[in-house]
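Quick mapping for you: the protein sequence lines, in order, are chains Z and D. Residues in the first sequence are numbered consecutively from 719, following the working numbering. Residues in the second sequence are numbered consecutively from 719, following the working numbering.
No lab work stands behind these hints: they were computed from the structure. A couple of the hints might just be wrong.
What the hints assert, rightly or not - Coverage of chain D stretches by chain Z, computed from C-beta distances (three or more under 8 Å per stretch; other residues unrestricted): (1) 821-833; (2) 857-867.
As the list claims (entries may be wrong) - A partial selection of chain D residues facing chain Z, derived with a Cβ cut-off under 8 Å: (3) Leu745; (4) Val811; (5) Pro851.
C-beta: ideal position from N, C-alpha, C; glycine also.
There are 2 protein chains.
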Amino acid sequence: MGEPRISGYEFGRAPRSPVSLDELKELEATVGFTDADRACLRRVGELLNGEVEALVDGWRKIIGSQPHLARWFFGPDHQPDEAYKAAVKARFVRWVHDVFTRPFDQAWLDYQEEIGLRHTPAKKNTTDQAHTPPLVPLRHLIGFVAPVAESVRHRLQAKGLSPDELDRLHAAWIKAVILSVTLWSHPYTRDGLW
Amino acid sequence: MGEPRISGYEFGRAPRSPVSLDELKELEATVGFTDADRACLRRVGELLNGEVEALVDGWRKIIGSQPHLARWFFGPDHQPDEAYKAAVKARFVRWVHDVFTRPFDQAWLDYQEEIGLRHTPAKKNTTDQAHTPPLVPLRHLIGFVAPVAESVRHRLQAKGLSPDELDRLHAAWIKAVILSVTLWSHPYTRDGLW
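The following block holds chain Z by itself, in its conformation from the complex:
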């Protein structure tokens, strides 16, 4: 089948994460992520398959409306770098699909470290040869879990699910987002404290 080519999307070709698979398993236990949640994520993916770009557009609208979030996407002219934003958006959409469909294995783990690095001075801008600020601050990555969590609930609410199924699907999504962002926090963290 093949997926459409996404610029800078290097899933399966990222360097080995310094985080071990054992640490990932422990973290899944901390979050409470189970096989049942994996099945729920697949189901969320089926239900929202045609809405992922709209979801990401909604998040980007929130980002664009808040100067302290938007500025990390600005070029040296203090205007949004539209080429950079478009490249990032395609990969953001792909991250959602990956959460829905991919196992949380070595390749997924490796790529979460890569995503984290791409928000820090180590790798921001390098993928797209952009000239935006060299950082998205960690606090906004963690803080943005809240709107990302809530928006998916709103979309699932339109699907006619039972309250119980809605809660289970939403909980699985929240866990997966927290898991992702926790892994992204790794390159931000002082040595030995992560």
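Given chain Z, put chain D in place with the hints provided.
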């Protein structure tokens, strides 16, 4: 009225946080925390006022059941340090009440930095003169947002709320927990990346 004395609880007497109130306001916007959420938190506090210790006991049961979470509460004899656990628990319960009732002002901001530091080598063990490992790793602080979020929903579900009110109260709680943990992540973060 006066609150019962909690050992090591130094709300209002913590050093000034290096995080500014302006940064806190930005972070509240990122999370989507509004005055309506503040009102919701007060309501959650009224509904769960008698259950906070049970909530915290539930979280500690999860921690105790996972060796990679429990070990940070062990003494040099590799057994749980019960005195330390009891001291920490009382403050954990108090953090919940503070989230329900206190404004997110300078005093609250200062104390979140203090809570973060008390999970890092800078201040862990010093409050209680304990001899547990000098850290709770950041990944488990962020990851534990998930069970803390979900457990409050379960308790609110028993209160006979409308689905809409349940969702609003739960969303406010999630935002407040994410806000807290984001602030706790500050002392863990490399200079300039938070």
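Okay, the hints, checked on the actual structure:
1. Counting residues of the stretch 821-833 of chain D whose C-beta lies closer than 8 Å to any C-beta of chain Z gives 0; at least three are required, and the coverage claim is violated.
2. Counting residues of the stretch 857-867 of chain D whose C-beta sits closer than 8 Å to any C-beta of chain Z gives 9, which meets the bar of three, so the coverage hint holds.
3. For Leu745 (chain D), the interface hint holds, since its Cβ comes within 8 Å of a Cβ in chain Z; the closest pair sits about 5 Å apart.
4. Interface hint status for Val811 (chain D): violated, as the beta-carbon distance to the closest one in chain Z is roughly 21 Å, over 8 Å.
5. Among the interface hints, the one on Pro851 (chain D) is violated; its C-beta lies about 11 Å from the nearest C-beta in chain Z, farther than the 8 Å criterion.
In the structure shown, a violation is registered for the earlier hints numbered 1, 4 and 5, in ascending order.
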